[in-house]
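**Student:** Read off the chains here:
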Amino acid sequence: MELTPADRALLAALEAGLPLVPRPFAALGEQLGLAEHEVLSRLAALRAAGVVNRAGLVVRHRELGYRANAMVVLDLPDAELEAAGRRLAREPAVSLCYARPRRPPLWPYNLFFMVHGPERLATLRVVHAILMRTGLETVPRAVLFSRRRFVQRAARYGTPAPELRQAAA
Amino acid sequence: MQETAPTLAPAPFEPTPLERALLDRFQRELPLVPRPYAAMAEAVGASEAEVIEALARLQAAGVLARVGVTVAPNRAGASTLAAMAVPKGRLDEVAAFVSSFAEVNHNYEREHRFNLWFVVTAPNRARVERVLASIEARTGLAVLDLPLERPFKLDLGFPLRWS
Numbered sequence: 119m120e121l122t123p124a125d126r127a128l129l130a131a132l133e134a135g136l137p138l139v140p141r142p143f144a145a146l147g148e149q150l151g152l153a154e155h156e157v158l159s160r161l162a163a164l165r166a167a168g169v170v171n172r173a174g175l176v177v178r179h180r181e182l183g184y185r186a187n188a189m190v191v192l193d194l195p196d197a198e199l200e201a202a203g204r205r206l207a208r209e210p211a212v213s214l215c216y217a218r219p220r221r222p223p224l225w226p227y228n229l230f231f232m233v234h235g236p237e238r239l240a241t242l243r244v245v246h247a248i249l250m251r252t253g254l255e256t257v258p259r260a261v262l263f264s265r266r267r268f269v270q271r272a273a274r275y276g277t278p279a280p281e282l283r284q285a286a287a
Numbered sequence: 037m038q039e040t041a042p043t044l045a046p047a048p049f050e051p052t053p054l055e056r057a058l059l060d061r062f063q064r065e066l067p068l069v070p071r072p073y074a075a076m077a078e079a080v081g082a083s084e085a086e087v088i089e090a091l092a093r094l095q096a097a098g099v100l101a102r103v104g105v106t107v108a109p110n111r112a113g114a115s116t117l118a119a120m121a122v123p124k125g126r127l128d129e130v131a132a133f134v135s136s137f138a139e140v141n142h143n144y145e146r147e148h149r150f151n152l153w154f155v156v157t158a159p160n161r162a163r164v165e166r167v168l169a170s171i172e173a174r175t176g177l178a179v180l181d182l183p184l185e186r187p188f189k190l191d192l193g194f195p196l197r198w199s
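Protein chains in written order, with the working numbering: chain A, 119 to 287; chain B, 37 to 199.
Isolated chain A (complex conformation) (with noise of 0.2 angstroms):
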């Protein structure tokens, strides 16, 4: 699907978040010169194409005592790359899995996968538990635990500055 200007602006609209009013679809529209009807349909276009693939309430997790977040990276054959991914994306504690590329020799990790919990034991048992399920528990692998949090804000897509924005360059 191709986004059209109107859909870019939407999206760069929604970045931060929808109005908590009864009619936040219409105050959205406003901003936009759309209607309520349009921005609806825009919205519901862009989600049924898997452009927008979640709506919703997006939760902080460190705020409701999920503090021990950890990114599992494993370095697995290619060939078992595809299989490896689809038994972790089974796994409901999975919150993301995707492959990304190896960067040897600093980087030699092709597979990650994350595990949020309340503390950073009974995450790395959830993690060693998922492991031995799908089978990956010799997979040569690291875990890498966050310490702090120095930004979390949603994405931005729309905005159509040319050049590079730093606020304290």
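A portion of the hints provided could be inaccurate.
[Said to hold, decoys possible] Label-pair ranges, simulated between beta-carbon atoms:
#  : chain 1 : residue 1 : chain 2 : residue 2 : range
1  : B       : 161       : A       : 168       : 44 to 50 angstroms
2  : A       : 257       : B       : 125       : 20 to 26 angstroms
3  : A       : 166       : B       : 162       : 27 to 33 angstroms
4  : A       : 134       : B       : 52        : 22 to 28 angstroms
5  : B       : 174       : A       : 208       : 30 to 36 angstroms
6  : B       : 147       : A       : 222       : 19 to 25 angstroms
7  : A       : 201       : B       : 61        : 21 to 27 angstroms
8  : B       : 136       : A       : 149       : 46 to 52 angstroms
9  : A       : 166       : B       : 50        : 33 to 39 angstroms
10 : B       : 161       : A       : 198       : 26 to 32 angstroms
11 : A       : 148       : B       : 49        : 31 to 37 angstroms
Note that these hints are calculated values from the structure, not bench results. The beta carbon of each residue, even a glycine, is placed where N, CA and C say it ideally should be.
Assemble the complex: chain A is given as a structure, and chain B must be docked to it using the hints.
**Tutor:** Quick look at chain B alone, frame taken from chain A:
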């Protein structure tokens, strides 16, 4: 677990039953109707005004980032996951510089030699590369560029376990 050191982060936010119900049910299914908060209210047995108030409280507490949408990677632009091995003494300075780019939407310290991890998102790949090049030039440190090759599961929210 009660005797842990007082230097730990404060106790997590305790949501009300209505707030929990909203967090449990609407991470994925925002009703795309003219009055979405009224639709949510009906589903959880509250009024529209109560739902709006509850969402505003969650937002004020920092639990709710926003009511919004997430865009599938590389569908509306380009993005990458980037990592840097930053010497300990320079981490604050380098993290602050990385965070200063509007194109950086996640930036975390992780426990590894590669200790700074961030996501760069822009309308196109060329701009992603310019951001990475600016960071390398300014910091003198190499940036690992790890663009998504194949998603198996994308962040669709997850069930919260309430204690």
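**Student:** Compare the structure with each hint and give your call.
**Tutor:** Structure-based check of each hint:
{"no.": "1", "hint": "B:161 with A:168: 44 to 50 angstroms", "verdict": "violated (20 angstroms)"}
{"no.": "2", "hint": "A:257 with B:125: 20 to 26 angstroms", "verdict": "violated (34 angstroms)"}
{"no.": "3", "hint": "A:166 with B:162: 27 to 33 angstroms", "verdict": "holds (29 angstroms)"}
{"no.": "4", "hint": "A:134 with B:52: 22 to 28 angstroms", "verdict": "holds (25 angstroms)"}
{"no.": "5", "hint": "B:174 with A:208: 30 to 36 angstroms", "verdict": "violated (42 angstroms)"}
{"no.": "6", "hint": "B:147 with A:222: 19 to 25 angstroms", "verdict": "holds (22 angstroms)"}
{"no.": "7", "hint": "A:201 with B:61: 21 to 27 angstroms", "verdict": "violated (33 angstroms)"}
{"no.": "8", "hint": "B:136 with A:149: 46 to 52 angstroms", "verdict": "violated (27 angstroms)"}
{"no.": "9", "hint": "A:166 with B:50: 33 to 39 angstroms", "verdict": "holds (37 angstroms)"}
{"no.": "10", "hint": "B:161 with A:198: 26 to 32 angstroms", "verdict": "holds (29 angstroms)"}
{"no.": "11", "hint": "A:148 with B:49: 31 to 37 angstroms", "verdict": "holds (33 angstroms)"}
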